[in-house]
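Trainee: Protein sequences appear in the order of chains P and Z. The first sequence begins at 1 in the working numbering and counts up by one. The second sequence begins at 1001 in the working numbering and counts up by one.
By construction, these hints were calculated from the structure, which means they are not laboratory data. There's no promise every hint is true.
What the hints assert, rightly or not - For lysine-lysine, the following DSBU-like pairs were computed, each having C-alpha atoms within a straight-line distance of at most 35 Å:
{"#": "1", "chain 1": "Z", "residue 1": "Lys1244", "chain 2": "P", "residue 2": "Lys214"}
{"#": "2", "chain 1": "P", "residue 1": "Lys71", "chain 2": "Z", "residue 2": "Lys1100"}
{"#": "3", "chain 1": "Z", "residue 1": "Lys1094", "chain 2": "P", "residue 2": "Lys27"}
{"#": "4", "chain 1": "P", "residue 1": "Lys311", "chain 2": "P", "residue 2": "Lys255"}
To be verified - A few chain Z positions that, by computed beta-carbon distances, are all more than 10 Å from chain P:
{"#": "5", "residue": "Pro1047"}
{"#": "6", "residue": "Ser1143"}
{"#": "7", "residue": "Pro1145"}
{"#": "8", "residue": "Leu1146"}
{"#": "9", "residue": "Gly1232"}
Values in this document were obtained by computation on a predicted structure and should not be read as measured data. By construction, the Cβ of each residue, glycine as well, lies at the ideal position given by its N, Cα and C atoms.
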Amino acid sequence: MDNAKNNQIVQLRNVVKRFDSVVAVEKMDLDIEEGSLVTLLGPSGCGKTTILRMIAGLEDCTEGDIYIKGKRVNDVPVHKRNLGMIFQDYALFPHKTIYDNVAFGLKYRNVSKAEIRKRVTRALETVRLPGVEHRKPAQLSGGQQQRIALARAIVIEPDVLLMDEPLSALDENLREEMRQEVDNLQSELGITTIFVTHDQREALSMSDTIIVMKDGLKQQEGGPEEVYDAPVNHFVADFLGHCNFYRCRITGREKGLTTVEVEGGQTLYSEHDEGWEVGEELELLVRAQKIVIESRTEEIPGVSLNIFPGKVKSRMYMGGEAWYFVEMEDGTVIHAINISRVAPFHEGDEVTLHIPPRHCRLIPKD
Amino acid sequence: MMQEKSWRPWALLSPALTAVFFFLVVPTLFVIVYSFWLRAPTGQDIPAFQFGNYAKFFADMFYPSLLLRTIRVALEAVALSLLMGYIPAYFFAKTESRHKNMLIILILLPFWVSFIIRAMSWINILGDTGLINFILLKLHLISAPLSMLYNEGSVLMGLVQFLLPFMILNIYVSLEGIDKNLVPAAKSLGCTEWQAFKEVTLPLSLPGVSAGSLLVFVLAAGTYLPPMILGGPQNMMMANMVFKRVIGTLDWPFGSAISVILLGLIGLIVYAYNRYLGISQIFKSMQ
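Bound conformation, chain P alone (with noise of 0.2 Å):
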């Protein structure tokens, strides 16, 4: 392949993927950097368990080549392929013990008795889970059975591994540990991931790359704060967090901002420029965790720019943070969030809003 790289060790060109007429992938580009770990993130229909079993060979594209390690694959079947699969619901073969389970792979790759015994050994302390080899995956719990699906995945050394929502059948509390636990492990061993999943936090935290898809297309790629901070579409940013979104016009210059009329009639500061000419639609963006609120009698220091009064329409208490509805003299109502306070606003309370210039994005309009 002309446009190879070394360390790209995943590669799809322009991979289609239909089901009868249905598309489920478009025109998919992808290169995967060696040693990285790419989250493929979108809500469920967007194609990305489907370029994941595409890559795994699970799935035949219907146009487009598949590259691994700048070979194509296209044609390779699944079990010469020398990927590990991590499914949602484990698959730990129910009738077989754990050590069967881990050494299943390496029973199929020609090792020998003794050096099977030694890495099945070495995978199960990997995933902190020694001394359970005899035992059968309905004696171990969910967190515990993801574990030696994780073990038996990697004790293959497999060139990429393949995660399709692999902690969404976990509760709450076990799922951030086990988070954590795949994220250590992935830099630890190294092992290139491609991570399937629609929880947007699960993607900031682990990834270094996140691909946002709807539709089967690939709406941005690029890393957590890239994405997070400085997303291209409504679509990415309304994924990925709580926004505030409200139509408006490019005004003008000043002060090195751009200045935009929003559908009130009120004029808002963005540090945001690209180029756009004077009376261009778009959509302005803020989220809601970037608005700072506070009371109507304390001043906010060094601000001079984007300072709104408001009433607080309802809030709620989230624990760590506080949601507020605040509505403005206008009458459109503002989603701030903020840490919790020593004494929060309540209902009715007359506030001031500010929205720093630094988190007004500006978006095409939807």
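Place chain Z on chain P using the hints.
Mentor: Chain Z alone, transformed into the frame defined by chain P:
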């Protein structure tokens, strides 16, 4: 609290238990009691407690060999249903056809037709003046009708036709219960399609195979219609002999003794099967 409500399951079970008791346990007890009675030369049944009827059964090899043949034919029926049933069951479990449920209903369709009619219909197909002989004669491929009926083969065919759905459905249920990701997981670890079948699908379908085999065996061993309609005198099975003694010669005590022996033997086999293959284990693994 638990103790106070311990009568509840029994109350809920009582209609079923009553039916089982009066329509199964009591008649079976009657049969057992009858098997010890005497039959007077005049044809009267005289209440007694003696083992004459059992002694008569084992007096020569006629009846024991009938018993052995019954067991052999039943085992043959199990083997054939297994061979013919696994593939359709596998197909139903794997197919992604929209008509899957329709196909499964088709498997059950024969139950809507009386078994007697289904067995009799083979006569129109395989008989001397049946369809196959008619065609072969018309085509001058044969000069005299082939005799395809009234042998063990035709009895087995009737049995398998009757019992196959039980086997297919049992295997299908256990195949359907296998996690759909296990085969992909096995393949990703280096198995070919066939190796994945041997490692994963086959062992995990054994509970269904085992349950289906037991059901087919018990039903075949107690069968009465296929040998009567499709078999000759030499293909008689135990149930036919019971019929012959009880209805034919009105020898209720001896007919009862034959029934008890058949029941006892099948019971013993089921017990051994349960003990060594573990039916309870089978159901556990199906969770």
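Trainee: Between Lys1244/Z and Lys214/P, does the CA-CA distance stay at or below 35 Å?
Mentor: violated, 74 Å
Trainee: Is the nearest CB of chain P more than 10 Å from the CB of Gly1232/Z?
Mentor: holds, 45 Å
Trainee: Would you say Pro1047/Z is clear of chain P, with no C-beta pair closer than or equal to 10 Å?
Mentor: holds, 55 Å
Trainee: Holds or violated: Lys1094/Z and Lys27/P, Cα atoms, limit 35 Å.
Mentor: Roughly 30 Å between the alpha carbons, so the hint for Lys1094/Z and Lys27/P holds.
Trainee: Is the nearest CB of chain P more than 10 Å from the CB of Pro1145/Z?
Mentor: Given a closest Cβ separation of 52 Å, the condition holds.
Trainee: Does the structure keep Lys311/P and Lys255/P at a Cα separation of 35 Å or less?
Mentor: holds, 29 Å
Trainee: Starting from Lys71/P, check that the Cα of Lys1100/Z is at most 35 Å away, please.
Mentor: The given pair, whose Cα atoms are some 39 Å apart, is violated under the 35 Å limit.
Trainee: Regarding the assertion that Leu1146/Z does not contact chain P, is the least Cβ-Cβ distance greater than 10 Å?
Mentor: holds, 47 Å
Trainee: Hey, does Ser1143/Z actually stay past 10 Å from chain P on C-beta?
Mentor: At about 55 Å from chain P, Ser1143/Z clears the 10 Å cut-off, so the statement holds.
Figure legend: structure checked against the earlier numbered hints; hints not met, in rising order: 1, 2.
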